[in-house]
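Residue numbers (numbering that gives the first Met the number 0), protein chains in the order written: chain A, 0 to 205; chain B, 0 to 655.
Hints should not be assumed to be uniformly reliable.
Below, simulated DMTMM-like cross-link-like pairs (lysine to aspartate or glutamate); rule was C-alpha separation at most 25 Å, straight line [unchecked claim]:
1. K167(A) - E117(A)
2. K166(A) - D636(B)
3. K26(A) - D518(B)
4. K572(B) - D534(B)
5. K588(B) - D172(A)
6. K95(A) - D37(A)
7. K588(B) - D189(A)
8. K42(B) - D518(B)
9. K5(B) - D21(A)
10. K177(A) - D189(A)
11. K58(B) - E578(B)
12. K567(B) - E578(B)
13. K177(A) - D636(B)
14. K588(B) - D558(B)
15. K308(B) - E578(B)
16. K177(A) - D558(B)
17. K166(A) - E548(B)
18. K313(B) - E568(B)
19. K223(B) - D189(A)
20. K223(B) - D21(A)
21. K26(A) - E578(B)
22. K522(B) - D534(B)
23. K26(A) - E568(B)
24. K167(A) - D558(B)
25. K167(A) - E63(A)
26. K588(B) - D534(B)
27. K223(B) - D634(B)
28. K167(A) - D634(B)
Examples of chain B residues toward chain A, derived with CB under 7 Å [unchecked claim]:
29. T14
30. G15
31. K213
32. A260
33. L265
34. G269
35. M272
36. M273
Covered stretches of chain A, as calculated for chain B (at least 3 residues, CB under 8 Å) [stated by the list, open to error]:
37. 35 to 49
38. 54 to 67
39. 89 to 96
Bear in mind the hints are in silico, worked out from the structure with no lab data behind them.
From a predicted model like this one, the values you see are computed outputs, not experimental measurements.
Quick reminder that beta carbons are idealized off the backbone N, C-alpha and C, glycines included.
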Amino acid sequence: MAQAAAKHGENHAHGHDHGHHDPQEMKILGFWFFLISDVILFSVLFATFIVLRDNTAGGPILSELIKMPGVIAETFILLTSSFTSGLAVLAMNQGKVKQLISWLAVTAVLGASFIALEVYEFIELIHEGFSFTTSAASGAFFTLVGTHGLHVSLGLIWMIGLMLQLKKRGITDVTRGKINVISLYWHFLDVVWIFLLSIVYLLGVM
Amino acid sequence: MLEGLKEFASEFFVTGDPLIYGAMVAIGITMITIVAVLTYFKKWGWLWRNWLTTVDHKKIGIMYIIASIIMLFRGGVDALMMRLQLAMPNNEFLNPEHYNQVFTTHGTIMILFMAMPFMFGLFNVIVPLQIGARDVAFPFLNALSFWLFFLGAMLFNLSFVIGGSPDAGWLSYPPLSELSHSPGVGQNFYIWGIQISGIGSLATGINFLVTIIKMRAPGMRWMKMPMFTWSVFSTCIIILFAFPILTVTLALLFLDRFAGAHFFTLDLGGNPMMYINLIWMWGHPEVYIVVLPAFGVFSEIVSTFSRKKLFGYKSMVFAMLIISFLSFFTWAHHFFTMGSGADVNAFFAVTTMLIAIPTGVKIFNWLFTMYRGRIRMATPMMWTLAFIPCFIVGGMTGVLLSVAPADFQFHNSYFLIAHFHQVLIGGVVFGYFAGLYYWWPKMFGFQLEEKLGKWAFWTWNIGFYVCFMPQYAVGLMGMTRRLSTYGWDTGWWELNFVSTIGAFLMGVGFLFQVAQIADGIRKYKSLKASADPWDGRTLEWSIPSPAPEYNFAITPRGDDIDEWWEEKERRAKGIYPPEQPLEPIHMPKNSGIPFIMSVFWFIAGFGFVFGWLWMAILGLAGVGICMIARSFSYDTDYYIPVDEIKRTEASLRGSV
Numbered sequence: 000m001a002q003a004a005a006k007h008g009e010n011h012a013h014g015h016d017h018g019h020h021d022p023q024e025m026k027i028l029g030f031w032f033f034l035i036s037d038v039i040l041f042s043v044l045f046a047t048f049i050v051l052r053d054n055t056a057g058g059p060i061l062s063e064l065i066k067m068p069g070v071i072a073e074t075f076i077l078l079t080s081s082f083t084s085g086l087a088v089l090a091m092n093q094g095k096v097k098q099l100i101s102w103l104a105v106t107a108v109l110g111a112s113f114i115a116l117e118v119y120e121f122i123e124l125i126h127e128g129f130s131f132t133t134s135a136a137s138g139a140f141f142t143l144v145g146t147h148g149l150h151v152s153l154g155l156i157w158m159i160g161l162m163l164q165l166k167k168r169g170i171t172d173v174t175r176g177k178i179n180v181i182s183l184y185w186h187f188l189d190v191v192w193i194f195l196l197s198i199v200y201l202l203g204v205m
Numbered sequence: 000m001l002e003g004l005k006e007f008a009s010e011f012f013v014t015g016d017p018l019i020y021g022a023m024v025a026i027g028i029t030m031i032t033i034v035a036v037l038t039y040f041k042k043w044g045w046l047w048r049n050w051l052t053t054v055d056h057k058k059i060g061i062m063y064i065i066a067s068i069i070m071l072f073r074g075g076v077d078a079l080m081m082r083l084q085l086a087m088p089n090n091e092f093l094n095p096e097h098y099n100q101v102f103t104t105h106g107t108i109m110i111l112f113m114a115m116p117f118m119f120g121l122f123n124v125i126v127p128l129q130i131g132a133r134d135v136a137f138p139f140l141n142a143l144s145f146w147l148f149f150l151g152a153m154l155f156n157l158s159f160v161i162g163g164s165p166d167a168g169w170l171s172y173p174p175l176s177e178l179s180h181s182p183g184v185g186q187n188f189y190i191w192g193i194q195i196s197g198i199g200s201l202a203t204g205i206n207f208l209v210t211i212i213k214m215r216a217p218g219m220r221w222m223k224m225p226m227f228t229w230s231v232f233s234t235c236i237i238i239l240f241a242f243p244i245l246t247v248t249l250a251l252l253f254l255d256r257f258a259g260a261h262f263f264t265l266d267l268g269g270n271p272m273m274y275i276n277l278i279w280m281w282g283h284p285e286v287y288i289v290v291l292p293a294f295g296v297f298s299e300i301v302s303t304f305s306r307k308k309l310f311g312y313k314s315m316v317f318a319m320l321i322i323s324f325l326s327f328f329t330w331a332h333h334f335f336t337m338g339s340g341a342d343v344n345a346f347f348a349v350t351t352m353l354i355a356i357p358t359g360v361k362i363f364n365w366l367f368t369m370y371r372g373r374i375r376m377a378t379p380m381m382w383t384l385a386f387i388p389c390f391i392v393g394g395m396t397g398v399l400l401s402v403a404p405a406d407f408q409f410h411n412s413y414f415l416i417a418h419f420h421q422v423l424i425g426g427v428v429f430g431y432f433a434g435l436y437y438w439w440p441k442m443f444g445f446q447l448e449e450k451l452g453k454w455a456f457w458t459w460n461i462g463f464y465v466c467f468m469p470q471y472a473v474g475l476m477g478m479t480r481r482l483s484t485y486g487w488d489t490g491w492w493e494l495n496f497v498s499t500i501g502a503f504l505m506g507v508g509f510l511f512q513v514a515q516i517a518d519g520i521r522k523y524k525s526l527k528a529s530a531d532p533w534d535g536r537t538l539e540w541s542i543p544s545p546a547p548e549y550n551f552a553i554t555p556r557g558d559d560i561d562e563w564w565e566e567k568e569r570r571a572k573g574i575y576p577p578e579q580p581l582e583p584i585h586m587p588k589n590s591g592i593p594f595i596m597s598v599f600w601f602i603a604g605f606g607f608v609f610g611w612l613w614m615a616i617l618g619l620a621g622v623g624i625c626m627i628a629r630s631f632s633y634d635t636d637y638y639i640p641v642d643e644i645k646r647t648e649a650s651l652r653g654s655v
């Protein structure tokens, strides 16, 4: 806060941009607040899952159905995509637009394979009789994991849109702000996945 | 074909109740009149350019307040219908089902579609002016928030004539709100109306947090910030943490109803208590969300109309921040009787009682501010004074309710109803009225005449006590809430009859306010307000009324608490700030996307309500296209040239 205030004062001392404030900096702060709200959203879903996970109503039990190899593969793919999105930001900071777009493309491909694996996992579970409507536990599982998957999917559409904008406009103050924001978002989804892995899958099979 | 259509219409529209036929006709006539007037005066273009697409925070604020007052009318009519039904024993004015719908929509509308938008209206109009900013942090998002709220509210209100209203109570506890007990579409209207407007509320919370953190005038450090802005800041913190809980809770309930999940059902492992915990984790902080800005309003008014600095500025700030923190640790006091056990009940009883301490600090600060002040009895100050005893009584009955063992007696009785109306009307509604009267000249550029305002004040206040004091008594006599009728043998009817008279007196008060505003609009030319009609203390009074679209021609400084007051003192001593050259001002461009995107949300919501998946997908696709269109548009701002600023300032002030 103190830093922000100091910077704020400085902006005015130099008097540039006619008393207006750095819009990119504000967008990133706003996005952090959005992420806080998303943390709360996931926390509620985690709480719901933890409360309801044993309420299987005589139906199939998740921990007996989980196939860890698939989950481990998903984890590695998503962690790698977080790393490549970091490389994209590095390329951006060096001003290399082509490299930036390629790293984003790699990130998007990894994200899409994560989604594909997740959908496959869901279909397998449904075949085993563990579907959305089976019990409170199954509904809580699909909602929690599915919400993360939905976040990743929306991130993919967003990323493709940004790649098109980068192609047209190159690296400007505005596109730089947008890339910074999506990379924040992507890392955040990775963190959420770590919690999913620990609470839903690892604690489930242990 | 015709038969099929007839059958569809009889299910689609609500039929069989003369009250609702009357409402349908009234809605029809109003809509036709609006369309006819706009067409006749050729105002469609004006409406679109100046209002529907605006990103100006002051106009958005005004739209919020207008929508909120319309909702106050609707929620108020609901209240009067309930009071009519309860005025006499064995009354048959409303049947039980209709009565359930009326109390459900009354509660939902008053909290979510009246109090919230009124509050956001005041945020929007005042916060940027108080901190010396030209806009909010995200003007486009701000417009989107408003339209999401507005179309969410319209979707909710539609349930009245199309499909049927929700009737499971304002917080829609399962299993009442589940498909098994509410098979109609009313509950879906509830879910989607609130969900859509709730997204807007969350966005507003984020928007104002960033605005207050990043856009304060140079020199305005945290402890120099005006008190209303502080109250908005602490409110937005609560919004940020509470509203996502509501979003998820409603989404889960919808998944139960729409997709066959079992989160809160009675069968297949569902747990209704889970819902009740979650909804109150949002719901209790929500009441602090709406009351803290009212505290901010009172702080501004007490100090302005006592012509004194606010007493105990720092303790006021800490009290507010402590309230926003504690508000998250009280939710379980809403179900002391549901078997949580003595330890849990004791914890929540203590945290609930603790909130009385910072609130008491604030009350004493206001009293000490008035002590030896030169008090002026203008309407904003009168509402503030009326609030204090009202809130003290409401607070004390609240402490009674927070005693867990005693709560077993009060629970779900009219005592509780009287308590929360006392704090919500006495605190929130009185506060927002005070704020509306106080900032009216700044919003519209003219002052309201006080005479009708004083009539409104007295009828409201007398009506308030006549309405709610008997309810404490009748509650202690055993009358429970949500009761649609009772017999002569209960001995409740005299008190209920008096209470109904009080409710109608408040209705008369509302009519006086409408008359006062209409009268003001009629005479606005002769009532023109100066920049600083109340001899104010904060920066919003340093610019013309109404404020020009760029707010401040020259960015002000905010080195002192009550900066504008200090500036006036300095000017009286002949010390003027150095002349600064005007510079072009950077402003956001209007955009139609927020309105169009919200219409698509409305379409999606309507599709989900009726389970028409094609319509829901169409709506969501529209939302997605609007988001992409926004992301791809780069030409979103412009500069106001110096000449134009000079012209505007000259016409507003007479000279620059």
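Discussion item. Hinted pair, alpha-carbon criterion (25 Å max): K5(B), D21(A). Please report holds or violated.
Written reply: 59 Å, violated
Worksheet item: Are there three or more residues in the segment 35 to 49 of chain A whose C-beta lies within less than 8 Å of some C-beta in chain B?
Response: Held - the segment 35 to 49 of chain A has 8 residues with a Cβ nearer than 8 Å to chain B, which meets the minimum of three.
Worksheet item: Per the CB criterion, is T14(B) less than 7 Å away from chain A?
Response: Violated, about 34 Å.
Discussion item. Hint check: K166(A) vs D636(B), CA-CA at most 25 Å. Holds or violated?
Written reply: 23 Å, holds
Worksheet item: Is the hinted pair K177(A) and D189(A) satisfied, with a Cα-Cα distance of at most 25 Å?
Response: Within the cut-off at roughly 19 Å; holds.
Worksheet item: Is the Cα-Cα distance between K167(A) and E117(A) 25 Å or less?
Response: 33 Å, violated
Worksheet item: Does K567(B) pair with E578(B) here, judged by a C-alpha cut-off of 25 Å?
Response: 16 Å, holds
Worksheet item: Between K572(B) and D534(B), does the CA-CA distance stay at or below 25 Å?
Response: With a Cα-Cα distance of about 17 Å, the restraint between K572(B) and D534(B) holds, given a limit of 25 Å.
Worksheet item: Given the hint that K95(A) pairs with D37(A), does the C-alpha gap stay at or below 25 Å?
Response: Outside the cut-off at roughly 32 Å; violated.
Worksheet item: At a threshold of 7 Å, is the proposed contact between A260(B) and chain A supported by beta-carbon distances?
Response: 4 Å, holds
Practice prompt. Using Cβ atoms only, decide whether K213(B) comes closer than 7 Å to chain A, and label the hint accordingly.
Written response: 5 Å, holds
Item to complete: Against chain A, run the beta carbon of L265(B) and see if the smallest gap drops under 7 Å.
Response: Nearest chain A Cβ about 11 Å off; hint violated.
In summary, the structure is inconsistent with hints 1, 3, 6, 7, 9, 11, 14, 15, 16, 17, 19, 21, 23, 24, 25, 26, 27, 29, 30, 33, 35, 39 from the numbered list given earlier, while agreeing with the others.
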